[in-house]
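Line by line, the protein sequences give chains A and B.
Here the first sequence is numbered in the numbering used here, starting from 37 and rising by one per residue.
Here the second sequence is numbered in the numbering used here, starting from 976 and rising by one per residue.
There's no promise every hint is true.
Okay, the calculated bits of chain B under chain A, using three or more residues with CB under 8 Å as the criterion [stated by the list, open to error]:
| # | region |
| --- | --- |
| 1 | 996-1006 |
| 2 | 1138-1146 |
| 3 | 1152-1166 |
Far from chain A, some chain B residues (derived; all Cβ distances over 12 Å) [to be verified]:
| # | residue |
| --- | --- |
| 4 | Ile984 |
| 5 | Leu1011 |
| 6 | Glu1026 |
| 7 | Asn1058 |
| 8 | Leu1092 |
| 9 | Val1098 |
From chain B, some residues computed to sit far from chain A (all C-beta separations above 10 Å) [as the list claims (entries may be wrong)]:
| # | residue |
| --- | --- |
| 10 | Ala990 |
| 11 | Thr1038 |
| 12 | Val1046 |
| 13 | Val1060 |
| 14 | Ala1071 |
| 15 | Asn1072 |
| 16 | Val1186 |
Everything labelled a hint here was simulated from the structure, so no lab data went into it.
Even glycine gets a Cβ: it sits at the ideal position worked out from N, Cα and C.
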Amino acid sequence: MKNAFVVFALATLALLSYGLYMALVVAPTEATMGDVQRIFYYHVPNAWAAFLCFAINAVASIWYLLKRGLKSDAIALASAEVGVVFCTIVLITGPIWAKPVWGIWWTWDARLTSTLVLWLIYVAYLMLRRFSSSGRAPVLAAVLAVFGFFDVPFVYLSIRIFRTQHPQPVMGGGENSGLDPVMAHAFLWNLVAFTFYALLVIWMRYRLQIAEQAVEEAHAERALGERA
Amino acid sequence: MTSPSLTAITRATLAKDLRLEWRSKDAINSMLFFALLVVVIFAFAFDPTAEESRRIAGGLIWTALLFATVVALNQTWARELRNNVLDAYRVSPAPANAMFISKAFANFIFVAVLQFLMAPLFVVFYSLRSVGPVWQLVVIGLLANWALVVNGTFFAAMSIRTRNREIMLPLILFPISIPALLAMVEATTQVLTGDSSPRFWIQLLAVYDVVFTVVCLALFETVLNAE
């Protein structure tokens, strides 16, 4: 298990380095946006990683409600925390990209708004965990995750309709319209690298959580032993 | 021993809650005064003209009602917790959902009364006059009420189990309710301004109500027994 972890970590490191090299050196400079566009190789893979984390959280939460295994709860917690971090990075790198390109830090357009709402839901999830006793937190959190899971389609649908009724203050078009093959190549490498990276961090956080559970259990057992 | 029927327990609990409320008027008084304060503060904050107010009224009404609803929702389970009623309920053979349905219905009635009393106030304070048909506002009001109350009652049962009880409810209710809020505000604004049809938003609210009612009923027992 430990060897697998080390191998996985090294593979992630190699992929991230290669992705960085592809993004900064190999990929051509974008015609209109210039070097700023290179944040694309960081911003979008992070968004993908965040959504991957939230998907893992949803599956683990439902699994926990069905089987009540502490491991699935540890996976749910780990993926939610890591997902919030990735999502935060997306929400920070987005404006950094938007300011020089669109001329504004933030616009309430469909994709930005729904990412923000998703972030809010998962921050609420972490808050709920933080303020629940350790015995109740897994159940309450898993229940909230199910609500979040059912809420996501409503969020996307409502915000999309809400926004298409208004003119968008956005000048640039979609970045996928006619992406240069070298750019697409660099992007895909980064996508793979960040998928590995997300899984690695979830794995680390998961191991930490399992250790915490073991410590807590040991404490509880000792307390019981002292009383007897 | 056969367990008592769902409807019988729901009716008994609902009658008890309504009688308690009728005699104390705790929830309705605090909600009403709170909503009134929010309305007055909004008037100072935005100082709207009649034309403007028609455009922003949808947002104002629902923000005021949302905040006031949280006041009532927070009191939902507090009484039962104090006298260990929830624990008694857990060990009884009564179906868990009866408790939930009766609490949700009680809150629905409280908020409906609040809406009924607040509506004329909005009309007077913001000199509102609806361009679209008013009956649509009634439909939106009922659907929106249930959208807030069904999840709110559920999350209130969750948040009383946390350390910071009362503050936890809005923290989990608001993010989940964002699509419903968007729908109720947009639908109300469409009716008031008569710009376009509120049909899509009313449908969205109705589907939201159905989906989350099912989710709440499916998971309430899990939350009630969470230890």
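> What hints, given by number in increasing order, does this structure fail?
Replying inline: The structure breaks hints 1 and 16; every other hint is satisfied.
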